[in-house]
Structures are given as C-alpha cells and as structure tokens.
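Student: Going down the list, the protein sequences come from chains A and B. Heads up: take any position in the first sequence, counting from 1, add 112, and you land on my numbering. Heads up: take any position in the second sequence, counting from 1, add 5, and you land on my numbering.
Incorrect hints may have been included.
Stated by the list, open to error - Output of the computed footprint for chain A on chain B, the stretches with three or more beta carbons under 8 Å from beta carbons of chain A:
#	region
1	9-15
2	40-50
3	86-98
4	113-127
Unchecked claim - To give an idea of the chain A side of the interface with chain B (calculated C-beta under 7 Å), a few residues:
#	residue
5	Ala119
6	Gly123
7	Leu124
8	Val131
9	Phe134
10	Pro137
11	Val168
12	Ser171
13	Leu181
Since the hints were derived computationally from the structure, they do not count as laboratory data. Treat the numbers as computed from the prediction; the structure is a model and nothing was measured. C-beta atoms are modelled at their ideal positions from N, C-alpha and C, and glycine is treated no differently.
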Amino acid sequence: MTIARKAVVWGLFAAGGTVSAFLFPAVIALFLLVAGGRVPPGLGFENLHAFAAGWVGKSILFIVISLSLWHAAHRLRVVFHDFGVRQDKAVANAVYLVAAVGTVLTAFYLYSIA
Amino acid sequence: MSRQPFVRPLPKASWYLGNARYRRYMLREVTCLLVGFYCFLMIWALAALAGGSAERWEAFLASQQNTAMLVVHAAALVYYLVYMTFDWFKLAPKAMPVQLGEKKLPDRAIVIGHYAAWAIVTLLIFRLAGVL
C-alpha cells in the first residue's frame with residue numbers, strides 16, 4: 113500500500129515537474145508582458161475565452177494546472193522537511209489539501225467557461 | 006541499536022549552507038513555491054474568464070498591470086529558468102535514462118532533446134498567444 117501510494121505521488125511529481133519545467137517559462141513571460149501593459153492579442157477576452165471554452169483548451173489547461181499543483185505540493189512537502197520541520201503527516205495533509213482545492217477550483221472554473 | 010548511538014550533530018534548518026551541492030539543491034527545491042504561485046495566478050485568471058464578460062477579464066488584466074508585478078515576474082522568470090527548467094533538463098538523463106538495445110542514449114542527446122522540445126513548445130505558446 114505504501115509503495116503503491118509512493119508510486120502515485122512520485123508519478124504526479126515527475127509528470128508535473130516536466131510539464132511545469134517546459135511550459136511555465138512561457139507562462140511567466142506572458143504574465144510579464146501583461147504586467148508591462150503589453151497584452152498580446154491572444155490574451156484578449158474573445159480569444160482566450162474561445163480557447164478555454166473548447167474541450168482541447170480545457171483539457172490542456174486542466175492537465176497543466178493540476179499536474180503542476182501536485183508537483184509543487186510534493187516538492188514543498190520535502191522542502192518543509194529540509195528546513196527542519198519534522199511533522200511530515202501534518203505537512204503532507206496541508207500541501208496535498210491545497211493541491212486538491214486548486215485542482216477542484218480549476219475543474220470548476222473550466223466547467224463554468226462555456 | 007547500540008546503547009550509545011553516535012548522532013552527528015547537524016543543524017536542522019541550515020545543514021545545506023556549508024556545501025555548494027546542497028545549496029544548489031535547496032535553491033532548486035524552493036522553485037515549487039513559484040510553480041504554486043503561478044498555478045494559483047492562472048486559477049485566478051480562469052475565475053475572471055469564467056465571469057463570462059470582457060469587462061471582468063479586462064478588470065483582471067488591469068489588476069495585474071503594475072510595477073510590483075513587473076519586477077516579480079522578471080525576477081521569477083530568471084530564477085525559474087536557471088533553477089527549475091534548466092536544472093530539470095540537466096537531471097532528466099539521470100531520472101529517465103533511455104536504453105536502446107544494448108546501448109544507452111548519451112546524456113547529452115537527452116539534454117539537447119529537452120532544450121529543443123522546450124524551444125518548440127515555447128514558440129508554439131507565443132504563437133498561440135499572439136506574441137510572435
């Protein structure tokens with residue numbers, strides 16, 4: 113049971129790490145452009161809404177955000193340990209709960225975009 | 006266990022400071038905070054998008070346009086590239102070695118493949134977003 117659970121957690125960590133390593137620099141760059149007041153045309157309401165309304169866009173957004181959340185949660189759990197926090201059970205519950213909430217929110221908002 | 010086990014005293018919260026490899030490891034691991042931050046920023050954006058009106062979306066964009074966010078994103082981008090993306094690529098051949106029959110694909114090939122795929126994916130996103 114422990115081994116099986118570890119495999120799931122590690123699998124999500126690796127998959128999310130790969131996804132976020134590849135995609136987040138572009139995501140951050142887009143936020144940087146927006147912050148600088150240069151909103152690219154693809155991030156206008158019409159375009160982005162159309163992208164998120166289609167099932168392809170929905171799937172991509174859901175997979176990217178949820179996997180990245182689980183990656184971050186698992187890594188943060190280890191970071192807590194590395195910084196000397198030894199209450200692993202409580203830390204694990206907290207970080208995975210945040211990832212779960214984020215995953216549910218992502219699903220809910222994507223579902224709402226019709 | 007022996008009656009008097011020797012436990013090497015190790016500072017619990019600062020053990021990594023004296024060793025360059027450990028420092029690098031810690032600098033890499035804390036990138037999870039950035040991943041989490043941008044996940045929730047994207048969820049916030051989705052919430053605005055789910056509002057269903059252009060006004061709601063414009064209001065979200067306006068809330069993101071300030072010097073503080075500009076500085077945060079610029080610093081985050083550099084830190085993220087160095088300690089997350091490039092480190093992830095560097096470790097990829099160790100985490101996922103590729104076996105071809107008797108031989109192993111050289112580490113360099115795997116790393117170069119990652120950089121190439123990353124460049125393509127990034128260009129694709131910029132294309133989609135209308136940056137290029």
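Student: Determine for every hint whether it applies to the structure shown.
Tutor: Hint-by-hint comparison with the structure:
Only when three residues or more bring their CB closer than 8 Å to a CB of chain A does the claim for the region 9-15 of chain B stand; here the count is 0, and the claim is violated. Against chain A, the region 40-50 of chain B contributes 8 residues with a C-beta closer than 8 Å to a partner C-beta. That satisfies the three-residue criterion, and the hint holds. For a cut-off of 8 Å, the count of residues in the region 86-98 of chain B with a CB near a CB of chain A stands at 5, and the three-residue condition holds. Counting residues of the region 113-127 of chain B whose CB falls under 8 Å from any CB of chain A gives 4; the rule of at least 3 is met.
For alanine 119(A), the interface hint is violated, since its Cβ never comes within 7 Å of a Cβ in chain B; the closest pair sits about 15 Å apart. Taken as an interface hint, glycine 123(A) does not check out: its beta carbon lies about 12 Å from the nearest beta carbon of chain B, beyond 7 Å. The criterion of a C-beta within 7 Å of any C-beta in chain B is not met by leucine 124(A), whose closest approach is roughly 13 Å, and the hint is violated. Taking 7 Å as the C-beta cut-off, the interface hint given for valine 131(A) is violated, the closest approach to chain B being about 10 Å.
For phenylalanine 134(A), the interface hint holds, the least distance from its beta-carbon to any beta-carbon of chain B being 5 Å, beneath 7 Å. For proline 137(A), the shortest C-beta to C-beta distance to chain B is roughly 6 Å, which falls under 7 Å, so the interface hint holds. Interface hint at valine 168(A): violated, since its Cβ lies 11 Å from the closest Cβ of chain B, which is beyond the 7 Å cut-off. With 7 Å as the threshold, the beta carbon of serine 171(A) stays out of range of chain B, its nearest partner Cβ sitting at about 14 Å, so the hint is violated.
At a threshold of 7 Å, the smallest CB-CB gap from leucine 181(A) to chain B is about 5 Å, leaving the interface hint in force.
Going down the numbered hints, you'll see the structure goes against 1, 5, 6, 7, 8, 11 and 12, while the others check out.
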